[in-house]
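Once you have looked at the hints, place chain B on chain A.
For reference, the chains in residue letters:
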Amino acid sequence: MSYYRAHRIAFEQLPFAFLTIVIESLAGGILYSVHHQLTQTAYLLFILPPIINLAGEAGCIYAARLSTRLHLGLVAPRIKHAFHLREAGLVTASATVCATALVIVGAPNFIATTPLLILLLAPYTAIYITLVAMILLAGLVSILAFLRGLDPDNVSIPVITTLADLVGASAILLTAFLLLS
Amino acid sequence: MPLLRSRELAEVTSTQLTTLLIESVVGILLAYQTSLIERFPPILLILPALLALRGDVSGALAARLSTGLHLGVIRPWRFDREVLNNWIGAIFVTVIMTSSIGILAYFWTGQQYSLPILVAVTVAAGLLASLPTNLVIMLIAMFTYYRGINPDNVVIPLATSLGDIIGFLALLATILLFLPLL
Chain A
22 MSYYRAHRIA FEQLPFAFLT IVIESLAGGI LYSVHHQLTQ TAYLLFILPP
72 IINLAGEAGC IYAARLSTRL HLGLVAPRIK HAFHLREAGL VTASATVCAT
122 ALVIVGAPNF IATTPLLILL LAPYTAIYIT LVAMILLAGL VSILAFLRGL
172 DPDNVSIPVI TTLADLVGAS AILLTAFLLL S
Chain B
3 MPLLRSRELA EVTSTQLTTL LIESVVGILL AYQTSLIERF PPILLILPAL
53 LALRGDVSGA LAARLSTGLH LGVIRPWRFD REVLNNWIGA IFVTVIMTSS
103 IGILAYFWTG QQYSLPILVA VTVAAGLLAS LPTNLVIMLI AMFTYYRGIN
153 PDNVVIPLAT SLGDIIGFLA LLATILLFLP LL
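Respectively, the protein sequence lines represent chains A and B. In this text, residue positions in the first sequence follow the numbering used here: the first is 22, and each later residue adds one. In this text, residue positions in the second sequence follow the numbering used here: the first is 3, and each later residue adds one.
The shape of chain A in the complex, shown without the other chains (with noise of 0.2 Å):
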């Protein structure tokens, strides 16, 4: 008899699955009903799949960190805690390294298309924007999950890698509302 069995691979995983692409399908509907400014301006479509890619890096980082220092006492388990300078100054200062390296990747591919200010603010606006609301869901998520007596660590994860896309595609949105407005 085979250990894996086909079926019993795609029941389990079906539901999952099913819950990811529902979401992910939001994330989808906000990038199509903004699809205009998005083909006006290709530097926000360039910019858009590594933001959303930072968003979850970002939140998955900041979350497992303070999963950790919540398990080893730390930091105490309560709400005020949720935002911690220090482990939002570590994946802020990352984050602003890649929008600068967003920018001199993007910059000789864009210049001619792009006007300056946005080749220049648009990924730090976009990265800013998605740091605040992951750093905020991350925080929260991790100590609630304490407090409710589970281990963030199987709690906060899934969830910010679920709601990622999300949050990123939103982080666009507001990007070219902002600049392009």
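It should be emphasised that the hints constitute simulated quantities derived from the structure, not laboratory data. Here the structure is a predicted model, which is why all the values come from computation and not from measurement. Just so it is clear, CB atoms sit at the ideal spot from N, CA and C, and this is done for glycine as well. Incorrect hints may have been included.
[Said to hold, decoys possible] Some, not all, of what chain B presents toward chain A, calculated at C-beta under 10 Å:
no., residue
1, Glu10
2, Thr17
3, Leu22
4, Ile45
5, Leu52
6, Leu55
7, Arg66
8, Asn88
9, Ile93
10, Leu179
11, Leu181
12, Leu183
13, Leu184
[Unchecked claim] Taking beta-carbon pairs under 8 Å as the criterion, some of the chain B residues facing chain A (in silico):
no., residue
14, Arg9
15, Ala54
16, Phe81
Same frame as chain A, now just chain B:
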């Protein structure tokens, strides 16, 4: 204690920069397709769900292959029933879920596009992305295990990054194929 430790910052930044550069490739490919997006805007609606699904299915396949290799249920360079069942499971999930993505896109776009064509596009793109991604994942899992490297540490990050690039290219190719019908 200093606000930021340079070693921690270097560790976090180097990882994020590596994945950022991979995602930038997807970004550049996407940015050069503005005319295609104007002709078929649902590409932006389908893309996040398709890429997330690709990551989910390929990531789970990578994790199962790695576990199977560690348990001795799957043996390196043996393409037997265990490997086949893993493939069939992944393909089955891909077909069901990509059909659902097509149906969701149909309703989200206010039924502007033909349902059978949207479903055909998403299923074809999903399958087109699945086959090479799953094959590469399987070969890398077996190769790393064969060389004494833990596949868990290598295959899952690779599966998600590789899945994004292959997934996007597959969607692009499928839309170009179906463009006369859209």
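Hint check:
no., hint, in the structure
1, Glu10, "6 Å, holds"
2, Thr17, "8 Å, holds"
3, Leu22, "5 Å, holds"
4, Ile45, "9 Å, holds"
5, Leu52, "8 Å, holds"
6, Leu55, "6 Å, holds"
7, Arg66, "7 Å, holds"
8, Asn88, "5 Å, holds"
9, Ile93, "9 Å, holds"
10, Leu179, "21 Å, violated"
11, Leu181, "16 Å, violated"
12, Leu183, "20 Å, violated"
13, Leu184, "15 Å, violated"
14, Arg9, "11 Å, violated"
15, Ala54, "4 Å, holds"
16, Phe81, "13 Å, violated"
When the structure is compared with the earlier hints, violations turn up for hints 10, 11, 12, 13, 14, 16 and for no others.
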